[in-house]
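Colleague: Sequence:
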Amino acid sequence: MLKKYGYAGLVFLPVMIMLVWVTEIAHQRNQGREVVVRVQGFDPRDLLSGHYIWYRIDWDKTDCTQFESRICPKLAFEWGGRFYVPENKAQALDKAVRDENNTAEMVFSYKEGFKPYALRLLVNGEAWERAVDK
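The working numbering applies: residue 2 is where the sequence shown begins, and numbers increase by one.
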């Protein structure tokens, strides 16, 4: 009987660890305030990882007054990252972002002292899905 419960514990332990980890990430993400950061760059061609935007943050065009200290926290955001998009929308989004008449921005959940989390991509101030469907 003890062996039976031991195996059940071994099965549920990784599930519980994953649940606690995901809950902690969701909590951190929800505690931050939304900030909008200008981004540039796009690369939809990674066959192993799917399609994503490989973005770089453009601090020169970002409004730093939206942060608590009114200074851009460049070290917290590192240099950029990946934002995954559906494969069937990648080429249209590539065209929209590369157009010099458009502006691309990322909305992050950011709290000082914590890792920022990318929430959504904006093209010309609206959701990227709308920009692609135009």
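Read the hints as simulated data drawn from the structure, not as lab findings.
Keep in mind that a hint or two might mislead.
Calculated pairs, DSSO-like style, for lysine-lysine (alpha carbon to alpha carbon, straight line, at most 30 Å) [to be verified]:
{"hint": "1", "residue 1": "K62", "residue 2": "K5"}
{"hint": "2", "residue 1": "K75", "residue 2": "K96"}
{"hint": "3", "residue 1": "K62", "residue 2": "K4"}
{"hint": "4", "residue 1": "K116", "residue 2": "K90"}
{"hint": "5", "residue 1": "K116", "residue 2": "K75"}
{"hint": "6", "residue 1": "K62", "residue 2": "K90"}
{"hint": "7", "residue 1": "K62", "residue 2": "K96"}
{"hint": "8", "residue 1": "K62", "residue 2": "K75"}
{"hint": "9", "residue 1": "K75", "residue 2": "K112"}
Cβ-Cβ distance ranges computed for the label pairs, FRET-style [stated by the list, open to error]:
{"hint": "10", "residue 1": "R57", "residue 2": "P15", "range": "52 to 62 Å"}
{"hint": "11", "residue 1": "D134", "residue 2": "Y6", "range": "17 to 27 Å"}
{"hint": "12", "residue 1": "T104", "residue 2": "G7", "range": "53 to 63 Å"}
All C-beta atoms, glycine included, are put in the ideal place defined by N, C-alpha and C.
Colleague: For each hint, tell me whether it holds in the structure or not.
Modeller: Taking the hints in turn, this is what the structure says about them:
Between K62 and K5 the alpha-carbon distance is near 60 Å, which puts this suggested pair outside the 30 Å criterion. Restraint check for K75 and K96: the C-alpha separation of about 28 Å stays at or below 30 Å, so the hint holds. A C-alpha spacing of about 62 Å is found between K62 and K4, which places the hinted pair above 30 Å, so the restraint is violated. A threshold of 30 Å between alpha carbons decides the hint, and for K116 with K90 the separation of about 28 Å falls inside it, so the pair holds.
Note on K116 and K75: the hinted pairing holds, with a Cα-Cα distance of about 12 Å set against a maximum of 30 Å. For the given pair, K62 sits about 26 Å from K90 by alpha-carbon distance, which is consistent with the 30 Å threshold. Annotation: proposed proximity of K62 to K96 holds, straight-line Cα distance about 21 Å (limit 30 Å). As the CA atoms of K62 and K75 are separated by approximately 13 Å, the hinted pair is consistent with the 30 Å bound.
Restraint check for K75 and K112: the C-alpha separation of about 13 Å stays at or below 30 Å, so the hint holds. For R57 paired with P15, a C-beta distance near 36 Å fails the hint of 52 to 62 Å. Distance hint check for D134 and Y6: the Cβ-Cβ separation is about 54 Å, which falls outside the suggested range of 17 to 27 Å. Roughly 57 Å separates the CB atoms of T104 and G7, a value that falls within the hinted 53 to 63 Å.
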